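Trainee: Knowing the structure of chain A, use the given hints to seat chain B on it.
Residue-level listing of the chains:
Number of protein chains: 2
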Amino acid sequence: MLKKMLKVLLSLTLLVGFAGVAQAEMTREEYAIKFRRSSFTTMTWYMGAMSRMVKGEMTYDKALFARNAEYVAFLSKLPKDGFIPGTESGDTKAKPEIWSKADKFKDANDNMEKETAKLAELAKVGNFDDLKEQYGKMQKTCKVCHEEFKKKAD
Amino acid sequence: MLKKMLKVLLSLTLLVGFAGVAQAEMTREEYAIKFRRSSFTTMTWYMGAMSRMVKGEMTYDKALFARNAEYVAFLSKLPKDGFIPGTESGDTKAKPEIWSKADKFKDANDNMEKETAKLAELAKVGNFDDLKEQYGKMQKTCKVCHEEFKKKAD
Chain A
14 MLKKMLKVLL
24 SLTLLVGFAG
34 VAQAEMTREE
44 YAIKFRRSSF
54 TTMTWYMGAM
64 SRMVKGEMTY
74 DKALFARNAE
84 YVAFLSKLPK
94 DGFIPGTESG
104 DTKAKPEIWS
114 KADKFKDAND
124 NMEKETAKLA
134 ELAKVGNFDD
144 LKEQYGKMQK
154 TCKVCHEEFK
164 KKAD
Chain B
14 MLKKMLKVLL
24 SLTLLVGFAG
34 VAQAEMTREE
44 YAIKFRRSSF
54 TTMTWYMGAM
64 SRMVKGEMTY
74 DKALFARNAE
84 YVAFLSKLPK
94 DGFIPGTESG
104 DTKAKPEIWS
114 KADKFKDAND
124 NMEKETAKLA
134 ELAKVGNFDD
144 LKEQYGKMQK
154 TCKVCHEEFK
164 KKAD
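If you read the protein sequences in the order shown, they are chains A and B.
Heads up: the first sequence runs through residues 14 to 167, numbered per my numbering.
Heads up: the second sequence runs through residues 14 to 167, numbered per my numbering.
Okay, chain A solo, but in the shape it has when bound (with noise of 0.2 angstroms):
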C-alpha cells in the first residue's frame, strides 16, 4: 500500500514536472503575487547602475547603462502579467485601484514600458544630458504607479 502510495507520488511529480515542484506547496493566485514582486525586484536591481551614474556617484559607463537600460525596458514589459484575478489580497502592496480603475492602471504600465524604451534608445546613442532627462521620466512613472496603485506599508 505504502509502495503504490509511494509509486502515485513519484508519477504525480514527474507529471507536475521539475519547473512546477518548487511552486506546487502554493495557490497559482500566491504564485502570480510572488512572481510580479520577483519581476519588480529584478527591474529595480538593473536601474542601482544607473541611477548612481545619473546622480554623478558613479562615472558614466556607456555599455554598462546600455545594457542596464535595455534590461529594464524588457523587464519593465513583464509585472502586469502576475495581477490576475484573485491576487487582490495576500502577501501584496497591491491597491484595489489596480483593478477598480484598471484603464488608469493600463496607462500607468504603458507609460513605464514608453518610458523604458525611449531611455533604452536614448542610452545606445549615449548622449549623457538625453540619457539623465530620460531616466528623470522614466522615473516619474514608477512614482505615479506607487503613489496610485501600491500601498506605503506592508
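If you are wondering where the hints come from, they were derived from the structure by calculation, not from laboratory data.
Predicted, not measured: the structure shown is a model, and the values here were computed from it.
Just so you know, not all the hints are guaranteed correct.
As the list claims (entries may be wrong) - As a list, the in silico BS3-like pairs of lysine-lysine whose alpha-carbon atoms are at most 25 angstroms apart:
#1 93(B) <-> 108(B)
#2 75(B) <-> 75(A)
#3 108(B) <-> 90(A)
What the hints assert, rightly or not - Heads up, incomplete: computed chain B residues facing chain A, CB under 8 angstroms, no partners named:
#4 47
#5 51
#6 73
To be verified - Partial selection, computed: residues in chain A whose CB lies under 7 angstroms from chain B:
#7 48
#8 51
#9 52
#10 54
#11 55
#12 58
#13 87
Using N, Cα and C, we set each Cβ at its ideal position, and we do this for glycine too.
Mentor: Relative to chain A, chain B alone:
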C-alpha cells in the same frame, strides 16, 4: 532638533533616490541575493505554460509559447549578475561550489543560456515535436545546476 533630523533624513532619502529607497535597509550582498532569487522566480513563472503544453495539459498555443520562450531566453542571462563576492551565505541555497568551481558554474550558466536561446528560435518556427525535444534539453540544464550548485532545503 527633531525638525533638523527629519530634514537630514529627508535629504538623505532624496539623495538615495527613488529606486534605492526600497532596498535601503539591505546590504548590497543581501540585495544581490534577493535579486538573483527574484530573477529565477521570474524566469520559472514563464516556464509554467510551456511546461503544461509540453506535457499535454494545455493546448499548444504557438504565440504564447514563442513569447514565453523569448522571455525565458532573455531572463536566463540575468541570475549570474547576482552571484557577487560576499553572497556565499545569507538567505540563499547557493552551494560553495558556485565559487570554488567557478568555471564549472560558468559552463552551467552558458548551457542554460544556449539551450533557452535554441528553444526561443525553435518556438518562432513552431514545430511542436522539436519544441518538446528542446524543452527537455533546456530542462536538463536547470537540473544540472540545481543538483550541483543548489542546496536542497532552506
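Trainee: Run every hint past the structure and note whether it holds.
Mentor: Structure-based check of all given hints:
A distance of roughly 14 angstroms separates the Cα atoms of residue 93(B) and residue 108(B); the hinted pair therefore holds under the 25 angstroms criterion. For the hint linking residue 75(B) to residue 75(A), the alpha-carbon distance of about 37 angstroms lies beyond 25 angstroms, and the restraint is violated. With a CA separation close to 32 angstroms, the supplied pair residue 108(B) and residue 90(A) exceeds the 25 angstroms bound. Hint status for residue 47(B): holds, given a least beta-carbon distance of 6 angstroms to chain A, under 8 angstroms.
Annotation: interface hint on residue 51(B) holds; nearest CB of chain A at approximately 4 angstroms, less than 8 angstroms. Annotation: residue 73(B) was flagged as interfacial toward chain A, and the flag is violated, the nearest CB pair being 16 angstroms apart, outside 8 angstroms. Checking residue 48(A) against chain B by beta carbon gives a least distance of about 4 angstroms; that is within 7 angstroms, so the hint holds. The beta carbon of residue 51(A) comes within 4 angstroms of a beta carbon in chain B, closer than 7 angstroms, and the hint placing it at the interface holds.
A least Cβ separation of about 5 angstroms between residue 52(A) and chain B falls short of the 7 angstroms threshold, and the interface hint therefore holds. Checking residue 54(A) against chain B by beta carbon gives a least distance of about 4 angstroms; that is within 7 angstroms, so the hint holds. A least Cβ separation of about 5 angstroms between residue 55(A) and chain B falls short of the 7 angstroms threshold, and the interface hint therefore holds. Checking residue 58(A) against chain B: minimum C-beta separation of about 4 angstroms stays under 7 angstroms; hint holds.
Below 7 angstroms, beta-carbon pairs count as interface contacts, and residue 87(A) has one with chain B at about 6 angstroms; its hint therefore holds.
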